[in-house]
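Peer 1: Take these sequences, add in the hints, and give me the full structure.
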Amino acid sequence: MSTNTDEEELIPKKGATSVVWKWFGYKRSDIEQTTVLCKVCRKSIAAKHGNTTNLFQHLRQRHAVEWQECVALRDADASSSPKAPAKKQVTLAAAFSSVIPYDKKGPRGQAITDAVTHYNAKDMVPIYTVEKNGFIKMLQTIDPKYQLPSRKHFATVALPNLYNKTRARVAEQLQNIVYYSTTTDLWSSRTTHPYLSLTVHFIDGEWALRGMCLQTSYFPDDHTGEKKKTLASFFKKKTVSSTSQSEQDKIEAE
Numbered sequence: 001m002s003t004n005t006d007e008e009e010l011i012p013k014k015g016a017t018s019v020v021w022k023w024f025g026y027k028r029s030d031i032e033q034t035t036v037l038c039k040v041c042r043k044s045i046a047a048k049h050g051n052t053t054n055l056f057q058h059l060r061q062r063h064a065v066e067w068q069e070c071v072a073l074r075d076a077d078a079s080s081s082p083k084a085p086a087k088k089q090v091t092l093a094a095a096f097s098s099v100i101p102y103d104k105k106g107p108r109g110q111a112i113t114d115a116v117t118h119y120n121a122k123d124m125v126p127i128y129t130v131e132k133n134g135f136i137k138m139l140q141t142i143d144p145k146y147q148l149p150s151r152k153h154f155a156t157v158a159l160p161n162l163y164n165k166t167r168a169r170v171a172e173q174l175q176n177i178v179y180y181s182t183t184t185d186l187w188s189s190r191t192t193h194p195y196l197s198l199t200v201h202f203i204d205g206e207w208a209l210r211g212m213c214l215q216t217s218y219f220p221d222d223h224t225g226e227k228k229k230t231l232a233s234f235f236k237k238k239t240v241s242s243t244s245q246s247e248q249d250k251i252e253a254e
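First residue of the sequence shown: 1, per the UniProt record's numbering; consecutive thereafter.
Keep in mind the hints are simulated off the structure, nothing from the lab. Watch out, some of these pointers could steer you wrong.
Have a look at the derived ranges for each label pair, beta carbon to beta carbon [as the list claims (entries may be wrong)]:
(1) 74 / 134: 52 to 60 Å
(2) 179 / 119: 32 to 40 Å
(3) 9 / 32: 17 to 25 Å
(4) 122 / 77: 53 to 61 Å
(5) 105 / 209: 34 to 42 Å
(6) 118 / 74: 56 to 64 Å
(7) 218 / 91: 54 to 62 Å
(8) 140 / 57: 25 to 33 Å
(9) 211 / 100: 42 to 50 Å
(10) 134 / 210: 22 to 30 Å
With a cut-off of at most 25 Å between alpha-carbon atoms, the simulated PhoX-like pairs for lysine-lysine come out as follows [to be verified]:
(11) 122 / 104
(12) 105 / 88
(13) 39 / 13
Beta carbons are placed, not taken as given, at the ideal position from N, Cα and C, and that holds for glycine.
Peer 2: Dropping the structure here:
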């Protein structure tokens with residue numbers, strides 16, 4: 001290989017991304033890559049910190065053929081690159097709406113409150129769960145615009161409303177039932193308080209076996225079959241059978 005400077009092969013710029021560097025480079029001995037040379041005329045071009053403005057200018061003024069090829073490559077590269085979506089200016093109203101809390105009676109706020117109420121009832125968690133810091137943080141992360149109602153609201157408004165709606169829906173489903181059976185269950189809570197639960201069982205119009213707990217009541221008296229029979233007497237006209245937790249308390253249907 002000739003050692004003549006004009007014939008020495010130039011090496012490309014490290015990390016170069018612009019197409020213009022196809023016509024420019026550095027000597028191998030220029031380890032720091034400080035002096036940019038044109039591959040066509042070997043002229044030194046001032047390109048401080050890798051700036052390409054002077055490189056494009058040099059091609060446009062001195063090398064017309066290479067300049068046209070460079071322009072074509074640049075346009076092709078620009079058309080193939082994904083364009084960033086244009087930023088849409090946010091209106092003042094939209095900016096305020098993004099931080100204004102939901103109306104508590106609005107559709108979104110009410111939907112979240114209903115979901116929290118359903119969670120309390122379905123999973124039988126204590127009502128004071130809505131006051132727990134972790135639960136509040138979770139809701140704020142999911143939707144910062146939602147304001148969680150107070151514990152009192154769930155205890156006196158939300159849960160009673162859910163109970164009434166559920167009771168009405170169950171009553172509507174039971175209207176057209178011809179026969180059903182009931183089961184009673186006496187059980188004790190973790191605090192050893194006795195409770196009595198009454199569950200109705202029936203086959204619906206689509207021949208699907210259904211079961212619904214109709215009532216759970218505090219039951220401080222002795223667990224006797226007579227008291228269960230009194231409770232079950234409301235269903236004697238249509239009841240096929242009624243059984244309790246223990247065999248000795250079995251209630252015979254008429």
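Peer 1: None of the hints should be skipped; say for each whether it holds.
Peer 2: To see whether the hints hold, each was checked on the structure:
At about 55 Å, the CB distance of residue 74 to residue 134 agrees with the hint of 52 to 60 Å. The supplied range of 32 to 40 Å is met by residue 179 and residue 119, whose beta-carbon atoms lie about 35 Å from each other. Remark: the range hint 17 to 25 Å for residue 9 to residue 32 is upheld by a beta-carbon distance near 18 Å. For the hinted restraint 53 to 61 Å between residue 122 and residue 77, the CB-CB distance of approximately 58 Å keeps it satisfied.
For the pair residue 105 and residue 209, the beta carbons lie near 40 Å from each other, so the given range of 34 to 42 Å is met. Taking the beta carbon of each, residue 118 and residue 74 are about 60 Å apart, inside 56 to 64 Å as hinted. For the pair residue 218 and residue 91, the supplied restraint of 54 to 62 Å holds, since their beta-carbon distance comes to about 58 Å. Distance hint for residue 140 and residue 57: a CB-CB separation of about 56 Å, inconsistent with the stated range 25 to 33 Å.
The given range of 42 to 50 Å is respected by residue 211 and residue 100, whose C-beta atoms sit roughly 45 Å from each other. The hinted range of 22 to 30 Å is not satisfied by residue 134 and residue 210, whose Cβ atoms lie roughly 37 Å apart. About 22 Å separates the Cα atoms of residue 122 and residue 104, which keeps this hinted pair within 25 Å; it holds. A threshold of 25 Å between alpha carbons decides the hint, and for residue 105 with residue 88 the separation of about 31 Å lies outside it, so the pair is violated.
Restraint check: the Cα-Cα separation between residue 39 and residue 13 comes to about 12 Å, which is no more than 25 Å; the hinted pair holds.
Violation of the numbered hints given earlier is confined to hints 8, 10, 12; the remaining hints are satisfied by the structure.
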